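Between the sequences and the hints, there should be enough to build the whole structure, so can you do that?
Chains A and B are the protein sequences, given in the same order.
Residue 1 is where the first sequence starts when you use my numbering, and the numbers rise one by one after that.
Residue 1001 is where the second sequence starts when you use my numbering, and the numbers rise one by one after that.
It is worth saying that the hints were derived from the structure and are not from the lab.
Be a bit skeptical, because a hint or two may be false.
According to the in silico footprint, chain A covers these stretches of chain B (three or more CB under 8 angstroms from chain A) [to be verified]:
{"#": "1", "segment": "1151-1161"}
{"#": "2", "segment": "1229-1243"}
{"#": "3", "segment": "1277-1287"}
{"#": "4", "segment": "1326-1332"}
This structure is a prediction, so every number in the text was calculated from the model and none was measured.
Even glycine gets a Cβ: it sits at the ideal position worked out from N, Cα and C.
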Amino acid sequence: MMMEILLDPTMLSDFLSTSLRLSIPVVFAALGGVLSERSGVYNIGLEGMMLAGAFGAAVGTFFTDLPIVGLVTGMFAGTLTAVVLAVLAVSLGVSQIVAGIAINIFSIGVTSFLSRIVFSGQANTMTLPGYKAFAIPGLASIPIIGPVLFNQDALVYLMYVTVPLLFYLLFRTSWGLNIRAVGENPRAADTAGVRVNMVRYLCVLGSGALAGLGGCYLVLSQVFLFSEHMSAGKGFIALAAIILGRWNPVGALLACLLFGLFDALQLRLQFANPEVPYQAFVILPYVVSILALVGLVGKPRPPGAVGLPYRRESK
Amino acid sequence: MLGLLRAAYLLKGVWAILAALLVGSVLIWLGQSNPIEAYAALFSGAFFEYHGFATTLVKMSPILLAGLAVAVPLRAGLFNIGAEGQIYLGALFATWAALYLPEPLPGWLHIIICSLAGMIGGGLWGLIPGYLKAYHNVNEVIVTLLMNYIGINLVSYFVSGPMLAKGAPYPYSDEIREALWLPYIMPNTDAHLGVVIGIVFAILLYFAFKRTSLGLSLATVGHNPAAARYAGMSVRRHIILSLAFGGALAGLAGAYEVLGLKYRLFHMFSAGYGFDGIVVALLAEGNPLLVAVAALFLGGLRSGANIMQRAVGVPTTVVEAIQGLVVIFVAASVAFRFENSYLAAAWRRRRAVEAALAVEHEAARREEAKPP
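In structure tokens form, the structure reads like this:
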């Protein structure tokens, strides 16, 4: 079956296109995670923020029929959830892992509850308007790669812009230098006049907005409705992608694309083997994530101060 | 006065729960119901009615065991977020042992074998992240999180395929024979022995943590791995053992869901008990006895939620939101220690001033008493 895909250009670009689309929510969440962890805040709550973003997107679109409003409300919902992490982890200095877990549990409960109130039973039947794929003239006619990269929906194109922007922000601007300094050595950054907790707040909130964007993609480009716990562990796969991508936006993107590839592969396998219960294939991306973490060549080096709250007064 | 204040700081968990219920009442109000009526229905149904209380115990059983499954590795500073997957693996192994082992075994022996099989299944699911953490330094949080999804889907696969009962309308296994059903502890209800075994484990672990060298070395590994290694303890072995044993406890929870309640393996049978386990372990700050108390409370929330839904029409999912709020407030409350509080600081300053004054008084007294 693999050979067939590789040899037939239409099938190949179809397959790659599915891979790309499946990786998008993970990419946005992973970008958020890179931003937050570069500033020294571990973000286990990506999953919950993504779910909140999906819910926000569904609510905004449900009431206005405008996907763009859903995009804004989705990112807002993600950011709002991130406020909880920022307050707990940055201001109060409690365990970032506990704070993230709290966000995930709370987010699953509150979105399930509110979705029953807001959509009152029609959550699984309605279809929301969303973003449809459109070809970019010229570029889309490049063989194989063209239809894969340039016949997608608006949020995919948004991702193309976000990755280099985040890379530029982190590694080519003085803001980025501050963010990385705060994540590596907050005391030194503080001595140099960087407002450590302010930087961390902004990065965590930005991380929530990006994870929320991942949730928006689920609702506005993939499923066109909100279903309970629809993030289904994508935020956790993003956590693995951050490590694989060495806390670099481009690296994280590549890692996410790898997971997307395996997700598309397992979908193919499902269709090709209808007699085997599909759950046997669903586990593939999760298994690959773990194997990738184990088989990582060299030792990943996370930002020096990730996980540690910063207290000006303490040594 | 100060003692009272110190007690108030110690009861952080209670304050966190109250705060969560308060915010939860806003959610209930958003659902256009009366929060007081809703909570009254929830708590009276869960704790003051015979059948309701039995249901509370039914829910408490897996939550308690899952809570201990989180508390044991937590003692060594490890986060086991994988209790949910470990529950599924435990149930899978226990069901396998119940259905496919040769018949002539006596019932009680077969129940013990099924329980052990469950512990092996869950233990295996804890062993893997433990091994990866110890030998490959792979973050146990991420691995346990991802393994939840693998475990849940693995069970779905088995009950949809190899273990699917003949003619089943949806994925579940054959029924296990009646001799393997756990004994009931309350007549005419579903309350089964699982909760008693969970409490026994909680008491054993409490003493193991307090009184045994293993409990002490586990805590040493958690607090100061370098010191632990210097003292000759194998940090790696403690990591692997604590996660595997935690997994085994969660596996037991899964086994008892089958042997005590459902008598079959269903797909998606656990209502997130593994995550409830995290909530109770954090709420109890890792103390096994308090884990039991917290599990009783959370079991009550879950069983009362159904009663509340029937009585006032609030969706049961509000309880999940409240649980999330409990964790958020518990996390926040960690930041509020009595020793860091303003009043405690003021008290310390006062004591310091008094001590300094006493020194001066003493000096003055000596001065006066000096013979001319």
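Now for the hints, and whether the structure bears them out:
By the rule of at least three residues with a Cβ nearer than 8 angstroms to a Cβ of chain A, the coverage given for the segment 1151-1161 of chain B holds, with 6 such residues. Counting residues of the segment 1229-1243 of chain B whose CB lies closer than 8 angstroms to any CB of chain A gives 0, so the stated coverage by that chain is violated, three being the minimum. As drawn, the segment 1277-1287 of chain B meets chain A at 3 residues by the rule of a beta-carbon pair under 8 angstroms; at three or more, the given contact holds. Coverage of a stretch by a chain is defined here by at least three residues with a beta carbon nearer than 8 angstroms to that chain's beta carbons; for the segment 1326-1332 of chain B and chain A the count is 5, and the condition holds.
Violated hint for the displayed structure: number 2, the only one.
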